[in-house]
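Trainee: Chain residues, written in single-letter form:
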Amino acid sequence: EAGVTQFPSHSVIEKGQTVTLRCDPISGHDNLYWYRRVMGKEIKFLLHFVKESKQDESGMPNNRFLAERTGGTYSTLKVQPAELEDSGVYFCASSPRGMNTEAFFGQGTRLTVV
Amino acid sequence: AQSVSQHNHHVILSEAASLELGCNYSYGGTVNLFWYVQYPGQHLQLLLKYFSGDPLVKGIKGFEAEFIKSKFSFNLRKPSVQWSDTAEYFCAPRSYNTDKLIFGTGTRLQVFP
Numbered sequence: 001e002a003g004v005t006q007f008p009s010h011s012v013i014e015k016g017q018t019v020t021l022r023c024d025p026i027s028g029h030d031n032l033y034w035y036r037r038v039m040g041k042e043i044k045f046l047l048h049f050v051k052e053s054k055q056d057e058s059g060m061p062n063n064r065f066l067a068e069r070t071g072g073t074y075s076t077l078k079v080q081p082a083e084l085e086d087s088g089v090y091f092c093a094s095s096p097r098g099m100n101t102e103a104f105f106g107q108g109t110r111l112t113v114v
Numbered sequence: 001a002q003s004v005s006q007h008n009h010h011v012i013l014s015e016a017a018s019l020e021l022g023c024n025y026s027y028g029g030t031v032n033l034f035w036y037v038q039y040p041g042q043h044l045q046l047l048l049k050y051f052s053g054d055p056l057v058k059g060i061k062g063f064e065a066e067f068i069k070s071k072f073s074f075n076l077r078k079p080s081v082q083w084s085d086t087a088e089y090f091c092a093p094r095s096y097n098t099d100k101l102i103f104g105t106g107t108r109l110q111v112f113p
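Each protein sequence line maps, in turn, to chains A and B.
Using our numbering, you'd call the opening residue of the first sequence number 1 and step up by one each time.
Using our numbering, you'd call the opening residue of the second sequence number 1 and step up by one each time.
Okay, chain A solo, but in the shape it has when bound (with noise of 0.2 Å):
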C-alpha cells in the first residue's frame, strides 16, 4: 500500500514567485492534514480537509496562502507570492475518519524562498 506521497521533496524559489505543494493522501483516508515546521521550531497546525472541506483552517499564516482538496483526493497548497519567512519543511498527513486510527505523514516538501 502507498503512503503519504508529497511533491517536490524540495523547493527553491525568489521572493515573489508561486509555488504550489502537492500532497497525495493514502488512498480512501478523508482526514487530510497540512503543518509546517520552521528552522527546527513547533510542527505548526495549518490546515485540516475532511474529504474536499475544510474542517478547520485556523492555522493558515495569511491569505497568501491557498489549499485545495478537489474531489477529496489529493490536495495542493499554493504560496502566492512567498516571502522569506515562508520557508521551511511543510508536512501532509492522512487519516481515516473517527477516532481511533492514526495518522500517516508524507515525507514532506522543503521549501526554501531566497
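Mixed in with the good hints there might be a few duds.
[What the hints assert, rightly or not] Here are some, though not all, of the chain A residues that point toward chain B, as calculated from beta-carbon distances under 8 Å:
#1 His-29
#2 Tyr-33
#3 Glu-42
#4 Phe-45
#5 Ser-53
#6 Gln-55
#7 Glu-83
#8 Phe-91
#9 Ala-103
#10 Phe-105
#11 Gly-106
[As the list claims (entries may be wrong)] Taking lysine-lysine and the DSSO-like style, the derived pairs with C-alpha atoms no more than 30 Å apart in a straight line are:
#12 Lys-54(A) to Lys-61(B)
#13 Lys-44(A) to Lys-61(B)
#14 Lys-15(A) to Lys-61(B)
#15 Lys-78(A) to Lys-15(A)
#16 Lys-61(B) to Lys-78(A)
#17 Lys-71(B) to Lys-78(A)
#18 Lys-54(A) to Lys-49(B)
#19 Lys-61(B) to Lys-51(A)
#20 Lys-61(B) to Lys-41(A)
#21 Lys-15(A) to Lys-58(B)
#22 Lys-44(A) to Lys-15(A)
[What the hints assert, rightly or not] Far from chain A by the CB rule (all over 12 Å, computed), these chain B residues:
#23 Ile-12
#24 Ala-16
#25 Ala-17
#26 Asn-24
#27 Ser-26
#28 Lys-49
#29 Asp-54
#30 Pro-55
#31 Gly-62
#32 Ser-73
#33 Pro-79
#34 Trp-83
#35 Thr-86
#36 Lys-100
#37 Phe-112
#38 Pro-113
Worth flagging that the hints you see were computed from the coordinates, not collected in a lab.
For each residue, glycine too, the CB sits at the ideal point set by N, CA and C.
Given the structure of chain A, go ahead and fit chain B onto it with the hints provided.
Mentor: Okay, now just chain B, sitting in the frame of chain A:
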C-alpha cells in the same frame, strides 16, 4: 481550545540511562494521544498511541507511555536508551470531536555512547 505542552526541549543522555519526556495537553473533551518520532533525515513516524483501555501503552523499540487522565498527561518513558534513539520526539493529542491533530514543540534527544 486544544493545546499541548512538552516540558523538555533538549535532553542529553548516556547510553543505558533512563528516559522520561513530559507531555501535558489541554482539552476538555476526549482525545486520542500519540507520540511521534523523527530520526535524522527521516520523516515522522508513529512511536505509540493511546486510544482507550489500559493507560500504560507500549510502542516500538521499548518505548512506553502512561496516560494519566486526572493530570492530562501522557509521558513517554524508556528504561534504557540507546544511541539509535537519538531523534526528535513529539507528543500529539487528537480531538474526538474534530479529528484535529496538533503537536507539541518537540524534544530533541541526544544519546551518547
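Trainee: For every hint, state whether the structure bears it out.
Mentor: Comparing the hints with the structure gives:
no.	hint	in the structure
1	His-29	violated (11 Å)
2	Tyr-33	holds (6 Å)
3	Glu-42	holds (4 Å)
4	Phe-45	holds (5 Å)
5	Ser-53	violated (12 Å)
6	Gln-55	holds (7 Å)
7	Glu-83	violated (23 Å)
8	Phe-91	holds (7 Å)
9	Ala-103	holds (6 Å)
10	Phe-105	holds (4 Å)
11	Gly-106	holds (7 Å)
12	Lys-54(A) to Lys-61(B)	violated (36 Å)
13	Lys-44(A) to Lys-61(B)	holds (27 Å)
14	Lys-15(A) to Lys-61(B)	violated (43 Å)
15	Lys-78(A) to Lys-15(A)	holds (14 Å)
16	Lys-61(B) to Lys-78(A)	violated (38 Å)
17	Lys-71(B) to Lys-78(A)	violated (40 Å)
18	Lys-54(A) to Lys-49(B)	holds (26 Å)
19	Lys-61(B) to Lys-51(A)	violated (34 Å)
20	Lys-61(B) to Lys-41(A)	holds (26 Å)
21	Lys-15(A) to Lys-58(B)	violated (46 Å)
22	Lys-44(A) to Lys-15(A)	holds (22 Å)
23	Ile-12	holds (16 Å)
24	Ala-16	holds (28 Å)
25	Ala-17	holds (24 Å)
26	Asn-24	holds (15 Å)
27	Ser-26	holds (15 Å)
28	Lys-49	violated (6 Å)
29	Asp-54	holds (14 Å)
30	Pro-55	holds (15 Å)
31	Gly-62	holds (20 Å)
32	Ser-73	holds (19 Å)
33	Pro-79	holds (25 Å)
34	Trp-83	holds (21 Å)
35	Thr-86	holds (15 Å)
36	Lys-100	violated (6 Å)
37	Phe-112	holds (20 Å)
38	Pro-113	holds (24 Å)
Checked against the numbered hints above, the structure breaks hints 1, 5, 7, 12, 14, 16, 17, 19, 21, 28 and 36 and satisfies the rest.
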